[in-house]
Every structure is written in C-alpha cells, then in structure tokens.
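S.K.: Sequence lines, in order, name chains D and V.
Reminder that position 382 of the first sequence reads as 382 in this note's numbering, one-by-one numbering, no gaps.
Reminder that position 111 of the second sequence reads as 111 in this note's numbering, one-by-one numbering, no gaps.
Do not rely on the hints blindly, as some may be mistaken.
Derived SDA-like pairs (lysine to any residue); straight-line CA-CA distance at most 20 Å [unchecked claim]:
1) D:Lys48 / V:Glu154
2) D:Lys29 / D:Pro39
3) D:Lys135 / V:Gln23
4) D:Lys135 / V:Leu72
5) D:Lys135 / V:Gly282
6) D:Lys119 / V:Glu154
7) D:Lys48 / V:Gly282
8) D:Lys345 / D:Tyr317
9) D:Lys95 / V:Val4
10) D:Lys95 / V:Gly282
11) D:Lys119 / V:Arg155
12) D:Lys135 / V:Ile138
Hints were generated in silico from the structure; no laboratory data involved.
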Amino acid sequence: MRKLLFVSLVFCLSLVVSAPVFAAEGTLKIGAPQPMTGPDAPFGDKFKKAYSLAVEEINAAGGVNGRKIEVIIEDHQAKNALAATVAEKLITQEKVLILTGGRASGQAVEIASVAQRLKTPYLVDHPSADIITAKGFEWVFRNNPTGSIYPQAFNKFISEVPGAMPKSAAVLYDNTVFGKSIANSAMTFLKSRNVKIVNDEAYAVNTLDFKPIMTKVKANNPDFVLMVAVSTTDAILLTRHAKEMGLRPRAFVGFGGGFGVEDFAKQLGGLSENVFSSAAWSGNPNDPTVKKFYATFYKKYGIHPKEHEVEGYAGIYIIADAMKRAKPTGNLAADREAIRQALLKTDMTTVFGKVKFGDWAGPLGDKYTNQNIFSPDHSVLAQWRGGKLLNVWPKANAETNYVFPEPSTK
Amino acid sequence: MKRVLPVIAALLLLAIPLGVSNQFLLHLGITVLMWTILGLAWNLLGGYAGQVSFGHATFFGIGAYTTMILYLSFRLAPWYGMALGGVLGALFSLPIGLICFRLRGPYFSLATLAVAEIIRLVALNWESLTNGPVGLLITSLPQVTVFGAAINWERKEPFFVIVAVLALCAMLAAYLFTRSRLGSYLTAIREDEDAAEAIGIDTTRSKVTVLALSAFLTGLAGGFYGLYFRYVDPDAVFLISLSVEMVFIAVVGGLRTIAGPVVGAIFLTTIAELFRERFMVGHLIFYGLFMMLVIRFLPEGIWGRALRILTGRR
Chain D
1 MRKLLFVSLV FCLSLVVSAP VFAAEGTLKI GAPQPMTGPD APFGDKFKKA YSLAVEEINA
61 AGGVNGRKIE VIIEDHQAKN ALAATVAEKL ITQEKVLILT GGRASGQAVE IASVAQRLKT
121 PYLVDHPSAD IITAKGFEWV FRNNPTGSIY PQAFNKFISE VPGAMPKSAA VLYDNTVFGK
181 SIANSAMTFL KSRNVKIVND EAYAVNTLDF KPIMTKVKAN NPDFVLMVAV STTDAILLTR
241 HAKEMGLRPR AFVGFGGGFG VEDFAKQLGG LSENVFSSAA WSGNPNDPTV KKFYATFYKK
301 YGIHPKEHEV EGYAGIYIIA DAMKRAKPTG NLAADREAIR QALLKTDMTT VFGKVKFGDW
361 AGPLGDKYTN QNIFSPDHSV LAQWRGGKLL NVWPKANAET NYVFPEPSTK
Chain V
1 MKRVLPVIAA LLLLAIPLGV SNQFLLHLGI TVLMWTILGL AWNLLGGYAG QVSFGHATFF
61 GIGAYTTMIL YLSFRLAPWY GMALGGVLGA LFSLPIGLIC FRLRGPYFSL ATLAVAEIIR
121 LVALNWESLT NGPVGLLITS LPQVTVFGAA INWERKEPFF VIVAVLALCA MLAAYLFTRS
181 RLGSYLTAIR EDEDAAEAIG IDTTRSKVTV LALSAFLTGL AGGFYGLYFR YVDPDAVFLI
241 SLSVEMVFIA VVGGLRTIAG PVVGAIFLTT IAELFRERFM VGHLIFYGLF MMLVIRFLPE
301 GIWGRALRIL TGRR
C-alpha cells in the first residue's frame with residue numbers, strides 16, 4: 001500500500017513536469033483571467049463559452065486582417081493575488097496583446113493595476129466597481145456600466161411616470177462592492193428628490209433568513225422596497241420573506257443579477273409577479289442582433305445566454321475591431337500601444353449596445369476614464385410578468401406596459 | 001562550513017535579481033519569499049510552541065491595511081507603514097493571547113478563527129477607515145533614489161530585494177529564537193505544560209510573547225502585500241483560506257525547522273502553478289491529492305525528512 005501510494009506521488013509529479021500544451025503560433029492573443037475553479041467557477045464557464053463563440057465566428061469570417069485570434073484563459077480562483085499573478089503571466093509569458101475578463105471587481109482591480117503598470121490594454125467586460133475606471137488608468141477600458149449606473153432606468157422611471165416618485169423607501173443590499181455602490185447610487189438620487197430612506201440595511205451574501213430584517217422594514221411601512229442582490233438565492237429569499245411578512249409597498253424593485261435570472265420566477269412562482277428589475281443590461285429580445293445572438297448561442301450550447309454571456313461575447317468583438325484598426329506588426333510594445341489608441345477611437349455597436357470610450361463624471365461624482373459613454377442608456381427597467389422578465393422602461397425599449405402601483409395595494 | 005553556508009545562501013538570494021531579468025520569474029520569487037515569511041511566522045507559534053492558530057490572516061490583514069491607510073491618508077511611505085503594520089499586528093495579538101492562553105486545549109485555535117472573521121466584518125463595515133468592500137488602491141509609489149538612481153517601482157527587482165531582506169531577517173529572528181531561553185521554555189510547554197509550570201516557567205507570558213513575535217512578522221508580510229499588490233480589500237487579506245495556507249506551508253515544509261517554510265513556500269507556489277498549467281480545471285483536485293500524499297508519507301514535512309536523512313538520524 002505504502003509503495004503504491006508512493007508510486008502515485010511520483011507519477012503525479014512526473015505528469016506535472018512534462019511539457020504543457022503551447023498555444024498556436026501566429027495568432028493574435030487575448031488574455032482572460034477568469035475564475036475557472038472555486039466558488040465563482042460557473043461564471044468563468046459562462047465567459048469561456050461566450051469567448052469561444054465570438055472567436056469561432058470571427059475566425060470563420062477571416063479573422064483579423066487575415067490572422068486568427070485566440071483567447072487564453074487563466075484561472076484566478078476568485079483570489080486577488082492570483083489574479084495579479086495570472087495577469088502578469090499572460091502579459092510577460094504568453095505575450096498577449098490585450099487583456100479582458102476578470103469577473104469580480106476585486107480581481108479586476110488587481111488586473112487593471114497590473115495592466116496599467118505593464119502598459120497592456122485591458123478591456124473590462126463585466127466587473128462593475130466604479131473604482132476600476134475612476135483611478136485614471138489610461139490602459140483600462142470598460143464596456144459595461146459601473147455599479148452606480150445600474151439604478152439609472154429606475155431613476156428615470158420614478159422621475160418620468162406621474163405619481164411614481166416614492167414617498168419613502170427601504171433599501172436592502174448585500175455587503176459587497178457591488179451591493180454598496182448600487183445602494184449608494186440609488187439612495188443618493190432618492191435623497192436628492194427628498195425621498196425619505198426609512199431603512200438602510202446591509203446584509204451578508206447568502207443570508208438564510210431575511211425575516212428579522214423584514215420585520216424592521218415592515219414597522220416603517222415603506223412606499224417602495226429596493227433590494228440589491230448579487231446572489232440569486234438572496235434575491236429569491238428577500239422577495240419571499242418580504243411578501244411572507246406582509247410587506248405592501250407600491251413597488252418591489254430588485255437590482256443586480258439575482259433578480260434577472262429565470263430561477264427567480266421558477267422558484268418564486270406567483271410571488272415574482274410584478275417585481276421590477278433594474279439591471280445594467282437586459283437585451284431587447286425583439287432586436288434582430290440580440291435575437292440572432294440568442295439563437296446561435298442556444299444552438300451551440302443548449303443554454304439561454306444572459307448578461308454575462310452577452311458582455312463576454314461583445315467584448316471580443318470590440319477587441320477584434322480595435323485590433324483590425326491597430327494593424328499589429330509583431331512589435332509587442334508598439335502593438336499594445338496601437339491597440340490602446342484604436343480603442344480610444346472605438347465607435348461601434350455590438351449586441352450589448354453602442355460603445356465609445358470617453359472621460360466623464362459618474363452619478364456619484366467619480367471621474368471616469370475610458371468608460372463607455374453610452375453606459376447610462378444601457379440600463380433598463382424590467383418587470384416580472386407571468387414568469388417572464390419584460391422590459392417596461394424607458395418607453396423606447398419597452399416590450400409591454402408597466403403594472404404600477406402593485407394592484408394588491410389599494 | 002556550517003556558519004558560512006547560510007551567509008552564502010543569503011548572498012546568492014540577494015544576487016538573484018542581478019542574474020534573472022524575467023519579470024514573471026521574479027514575481028514568483030517574490031510570492032515565494034512572502035509566503036516564506038508567513039510560514040516562518042506561523043511556525044514559531046504553531047511549530048515551536050505547539051499553539052495552532054487558524055486566524056493568522058487577522059495580523060496579515062492588519063499589516064496590509066495599516067500600510068495602505070497610512071500611505072493614502074498621511075502620505076507615510078509604505079516601508080514605514082510596513083513596520084508599523086507589524087507593530088500593530090503584535091499589539092493586536094496581545095489581548096487575544098492574554099485571554100486565550102490562560103486556557104488549555106483548543107480554545108486558542110477556535111478563538112483565532114473567530115477573531116479573524118470578526119476583523120473581516122469590521123473591515124467590511126468600518127467604511128470611513130477601510131473604504132469598506134471597495135478596498136484601498138495605491139496608484140503610484142513615492143520617488144526614492146538610491147546612490148543617485150531613482151528606483152523604478154514598475155520593475156520587480158526592488159520588491160525582490162525588499163522581500164528577500166525581510167525574509168532573511170525573519171529567518172535570523174527564528175534562528176535566534178530557537179537558541180534563546182524563550183525557545184527552550186516553549187519547547188518545554190509544548191511537551192508538557194504542567195511540568196513546565198512546575199519548574200517555574202510563566203507559560204502564559206511565554207506563549208503571549210511568541211504570539212506577538214509571530215504576529216509582528218505576519219503583519220510585516222501583510223504590509224509588503226499591500227506595497228507590492230497595491231490593492232487591499234477585506235476578502236483578499238482576511239480570508240480563512242489565507243490562514244490555512246500559512247499552516248500548509250509550515251506543515252508541508254517541516255514543523256520546527258528554519259528552512260522548512262522556505263521549502264514549503266517554494267513547493268506550494270510552484271506546484272500550484274504547475275498543476276494549474278497542466279490540469280486546467282481539475283488542478284485543485286490534484287493539489288489536494290498531493291497534499292494528502294505529503295502528509296501521509298512525510299508527516300515531518302519535506303525539509304524535516306530531508307534533514308533527518310542528511311544528518312543520519314532515524
């Protein structure tokens with residue numbers, strides 16, 4: 001037995017030391033640190049699928065100036081220090097032209113910091129913390145909206161629909177960068193309109209029982225209940241416990257990924273009816289580009305794509321477009337600079353929407369650099385109706401009429 | 001010969017940046033040396049004194065945050081912050097030690113676990129000090145000139161030298177510690193606490209002292225983490241997995257040895273990197289398997305076994 005185990009140890013080591021697989025020669029390399037193992041692995045997998053699809057399509061259509069592109073994914077296990085390590089590795093060892101991905105904000109900040117120092121462009125496709133594009137990193141670009149932009153559609157809704165301005169609001173959010181920036185942004189706007197915030201409650205991600213919080217909220221009888229959840233189970237339990245405790249606001253409004261996934265309606269059934277979801281992006285399924293993307297993705301993977309897949313897929317197209325204009329010559333430093341210059345001039349429309357990078361001030365006064373200037377327009381307010389999430393505001397993107405106020409409240 | 005060997009090794013270590021210019025290799029070297037300090041620090045307490053801590057991330061995080069906050073708010077250069085981070089870590093360890101070390105058994109281990117989580121939550125919620133979950137980010141380091149030349153902080157060499165010096169100091173401290181009276185006291189406590197008390201050793205005080213020393217070194221390494229990675233958030237520096245990795249490094253390398261943590265850090269960092277390259281998605285399974293095999297066959301650690309073979313002891 002001892003011998004057998006010892007042999008397996010030696011075998012294990014010899015496997016490791018033998019040469020790893022090397023990337024194809026002559027391709028234009030894109031590096032993507034993503035969590036492929038650990039708690040965030042399902043998200044890493046979503047992006048991997050999205051990248052593969054985009055790469056396949058672009059290469060099938062002749063690549064970039066006749067050269068094939070390639071995405072090299074490195075696992076950072078959702079750990080910050082490891083994210084910095086793999087970003088360094090991609091830049092100095094794999095010699096990628098540009099970085100993308102990152103998935104969570106903490107890791108993206110590390111990647112951005114490394115990219116800035118090693119003068120390699122980094123296109124952020126999903127991480128939303130404002131800080132990433134608010135520190136003056138000229139090598140970092142972001143297509144998706146920042147956390148504080150998420151509530152934009154909701155803000156528009158309550159400002160534009162007559163009588164919709166809340167008289168009071170309870171705000172519940174998870175204790176993460178994501179939860180806090182969204183909640184801060186929403187509360188700042190509400191306070192500027194003299195809406196009283198009757199509850200300001202942070203909770204830990206994956207809380208099992210929201211009833212104590214809901215009891216507190218109920219005592220204040222808020223006009224609106226705003227909930228931020230990055231995790232789907234939190235979104236489901238928040239809604240369930242709020243309704244079970246008999247909260248009767250004029251509207252339940254959810255922010256963040258948890259409120260936009262199919263599981264939300266599946267698990268909640270009738271309780272999901274009329275809950276609003278204000279998200280960074282929820283594609284208009286009637287738009288032909290979106291329709292086509294949904295269909296191709298489903299055909300290839302048998303999965304209905306959502307926000308993450310769209311962001312990853314669009315990101316690769318933005319990079320390919322910049323590479324095409326940068327005309328890489330083989331001199332790594334010059335090519336990276338050329339791609340950065342090309343990104344500065346990006347002006348295109350992807351399945352995610354319009355993109356053009358610019359410097360502007362965010363809703364909370366952050367000075368953004370190279371943040372997509374169309375970000376505020378991407379925000380859409382949707383509502384759960386009969387198990388389907390339908391866009392209701394702004395009017396131009398609406399798939400149906402909103403139901404407001406909640407009919408069960410007088 | 002025995003005296004010259006460590007000096008030569010130290011000089012060789014410091015000479016590495018002269019010969020190696022590959023930035024990624026230097027980065028790996030820096031990571032290994034940082035983990036070495038952490039393994040050494042944990043080993044003083046867990047190995048020599050036999051007091052198992054599962055919450056060393058507390059001191060690591062305190063060191064990292066101290067460095068960042070002092071730099072961002074008071075423009076105090078990070079190297080001073082690093083030293084102060086160590087001191088603060090040591091101060092913070094005093095109440096934990098004074099309370100828990102009066103008890104025997106697993107109470108200290110459990111308390112460290114709890115304290116680490118409490119501190120993580122404090123860092124998450126004390127926004128005016130820590131910036132909450134958003135974390136603290138340094139975008140540039142202060143200008144420093146050495147012998148008339150400005151140090152380029154974008155290169156890895158200066159960091160390598162800093163962390164190498166810190167690691168060497170930590171090893172020297174560990175060496176002196178083992179030869180000191182306190183080291184002998186703690187060996188006595190580890191073997192039989194009642195007997196140690198009976199011969200007049202102030203057991204609580206000895207344990208508190210070694211905890212403070214260990215916390216100081218951990219805080220120092222935390223400060224270096226902040227300086228090097230330039231970004232700190234609660235989930236990066238207060239996580240339980242960080243505390244556990246320190247334990248791994250000390251155990252895999254060899255408990256109660258000076259060079260053990262060095263070997264442990266080299267092994268775990270490179271093995272993790274190699275496994276990731278080789279097995280992609282499944283790499284953590286193999287990593288776990290590897291750990292199990294090491295613990296099964298080399299319970300005294302890699303260096304511990306090597307030392308036994310080298311010195312011919314059975």
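S.K.: Each hint needs a verdict: does it hold in this structure or not?
M.R.: Quick rundown of the hints versus the structure:
1. D:Lys48 / V:Glu154: Since the Cα atoms of D:Lys48 and V:Glu154 sit roughly 31 Å apart, the hinted pair is violated (cutoff 20 Å).
2. D:Lys29 / D:Pro39: violated, 27 Å
3. D:Lys135 / V:Gln23: Cα-Cα ~25 Å, so violated.
4. D:Lys135 / V:Leu72: holds, 13 Å
5. D:Lys135 / V:Gly282: violated, 36 Å
6. D:Lys119 / V:Glu154: holds, 10 Å
7. D:Lys48 / V:Gly282: holds, 16 Å
8. D:Lys345 / D:Tyr317: It holds: about 15 Å lies between the C-alpha atoms, which stays within 20 Å.
9. D:Lys95 / V:Val4: Status violated; Cα separation ~41 Å.
10. D:Lys95 / V:Gly282: violated, 25 Å
11. D:Lys119 / V:Arg155: It holds: about 12 Å lies between the C-alpha atoms, which stays within 20 Å.
12. D:Lys135 / V:Ile138: Satisfied, since the Cα-Cα distance of roughly 9 Å is no more than 20 Å.
Checked against the numbered hints above, the structure breaks hints 1, 2, 3, 5, 9 and 10 and satisfies the rest.
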